[in-house]
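**Q** The residues making up each chain are set out below.
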Amino acid sequence: MTWDWQFTFDLLPPLLVGVGYTVQATVLGYLLALAAGLAVALIRRLPGIGRGVFWVMEFIRSTPLLVQLFLAFYVLPDVGIVLSPMVTGVITLGIHYAAYTAEVYRSGIEGVPRGQWEASRALSLPRYRVWGAIVLPQAVRKVIPALGNYLIAMFKDTPLLFAITVPEMLSVAQRLGSQQFRYFEAMTMVGLFFVLVSVPSALLFRYLERRYAAV
Amino acid sequence: MQQSDGFEAMAPEAGTAGRPFINFDRVVKRYGDNVVLRELDFAVTAGERVTLIGPSGSGKTTILRLLMTLERVDGGVIWVDGEPLSHVYKDGRLMSAGEKHMRRIRRKIGMVFQQFNLFPNMSVRRNVTEAPVHALGLSRDEADQRAEELLDMVGLGEKIDQHPTQLSGGQQQRVAIARALAMRPEILLLDEVTSALDPELVSGVLDVLREIAENTDITMLCVTHEMQFAKDVSHRVLMFDHGQVVEEGTPERIFNDPREDRTRSFLKAVVEA
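Protein chains in written order, with the working numbering: chain A, 1 to 215; chain B, 1 to 273.
In case anyone wonders, no lab produced these hints; they're calculated from the structure.
Just so you know, not all the hints are guaranteed correct.
[To be verified] With the C-beta cut set under 10 Å, the calculated list includes, among others, these residues of chain A facing chain B:
| hint | residue |
| --- | --- |
| 1 | R44 |
| 2 | L46 |
| 3 | G111 |
| 4 | R114 |
| 5 | E118 |
| 6 | A122 |
| 7 | P126 |
| 8 | W131 |
| 9 | Q138 |
| 10 | P145 |
| 11 | A146 |
| 12 | N149 |
| 13 | T188 |
| 14 | G191 |
The beta carbon of each residue, even a glycine, is placed where N, CA and C say it ideally should be.
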């Protein structure tokens, strides 16, 4: 087996189109996971409904992402919800990872010292300021590294969108490889791309951690 | 003692000295099986400065925490300025009050904590202006002006744009005092405010509190182990043990001529420490 440079260069343009989908799915899915996870972490604190949300998230965490993707892709249209593969993929990724980020936020919120709550109370601060200006800023700074890990984990899960026909990078590589039965170059390029994005992302989060964790 | 400006900024609206301002009426507080306060009765008049002393676990800090509504009473009623603190009248009976009622009464009370509890994600300025802006509805400018006056008064005017983490413990505690006073409370609760400080930083904090005591008629409830400070600022000292007042009197009387054995042995232990 030899490395064919010509074939590699031919692969690049279509692969980059696939990369576009991969990046888009990751960024949108992650933003959704950050927002929905925070909402879940807050709702979980409410009496009554919080318990229900906890079990839903527990269910999401204990079933495979691929199963959830198939469920969303094949079953939602049956109940009249028709979404494009990409939108389905982003929402499923986002909600799946929200189940994890919610736990991260929760630990961050619980890590805010009791004295902060007591000082807020002693100063008669309204609830929206206690959360918005004191508790959440401190909680989020502490969990930046953990949130960063989930970004990278989610990024590495995007090839699963292949299964619901999103034309992301892996599906492109698979298709092009199958035309000539040459997978070596295509799959190597996919792997290389993941490294090229994951490593700088990890470094970025390490920088953010140093910058903001010193609360 | 030099700047009097700061004091005008925080002169409490409490006026008429002598009326009962804080009243504990058979107050009970338990933590599980542990009874911390047993049917405690005591009153503080407006403008009075009272120091609570006693062994740890005697319920002193609990009294401050109940007043600040950080804890709820398990029995009895606390009255503040003629109103029940954590109760409301409903059909002629006293019922447990909701958050709204407590928030209104709480506004008369400020507290300084042993561990300062400054907000580490905010500058010193924001620490002091946050509550005046968002709880009292002051404009940014008004709140800023108030913060500058108070920080000057505690000797930290030049630190206004720093972060709490850049300050020493004593400086942080002085910011915490300014933060509490920025709400212009009528009652100031001081919970072992020097206990977490290195010895050389204690006097700076106590000097600030002495100034406040001298120049305002703010009602003060103070839990401390600094006996000289207690002597200097308080009108009255209450000795607590097992959730009850064992002995009370002027600081001179309590420190020079304690009548109860428990007071004597406590004071002896504190002096030797």
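**Q** Quick check on G111/A please, does its C-beta sit within 10 Å of some C-beta on chain B?
**A** violated (13 Å)
**Q** Holds or violated: is there a CB of chain B closer than 10 Å to the CB of Q138/A?
**A** holds (5 Å)
**Q** Next item in the hint list is A122/A. Is there a CB on chain B closer than 10 Å to its CB?
**A** holds (4 Å)
**Q** With 10 Å as the cut and Cβ atoms as the points, is P145/A at the interface with chain B?
**A** At about 17 Å, which exceeds the 10 Å cut-off, the nearest Cβ of chain B leaves the hint on P145/A violated.
**Q** Next item in the hint list is R114/A. Is there a CB on chain B closer than 10 Å to its CB?
**A** holds (9 Å)
**Q** Close enough to count: is the Cβ of E118/A nearer than 10 Å to one in chain B?
**A** Because about 5 Å separates E118/A from the closest Cβ in chain B, which is inside the 10 Å limit, the hint holds.
**Q** Given W131/A as an interface hint, is its Cβ closer than 10 Å to any Cβ of chain B?
**A** Where the cut-off is 10 Å and the nearest Cβ of chain B is about 12 Å from W131/A, the hint is violated.
**Q** Identify whether the interface hint at T188/A stands, where standing means a beta carbon of chain B within less than 10 Å of its own.
**A** violated (45 Å)
**Q** Using Cβ atoms only, decide whether P126/A comes closer than 10 Å to chain B, and label the hint accordingly.
**A** Holds, because the Cβ-Cβ distance from P126/A to chain B comes to roughly 6 Å (cut-off 10 Å).
**Q** For the hint on R44/A, just tell me whether its beta-carbon gets within less than 10 Å of chain B.
**A** Not OK, violated: R44/A not within 10 Å of chain B, min 21 Å.
**Q** Tell me if the interface restraint on A146/A is satisfied: Cβ within less than 10 Å of some Cβ in chain B.
**A** This interface hint is violated because 18 Å lies over the 10 Å limit.
**Q** With a cut-off of 10 Å on the beta carbons, see whether G191/A makes it to chain B.
**A** Violated: closest Cβ of chain B sits about 40 Å from G191/A, beyond 10 Å.
Checked against the numbered hints given earlier, the structure breaks hints 1, 2, 3, 8, 10, 11, 12, 13, 14 and satisfies all the rest.
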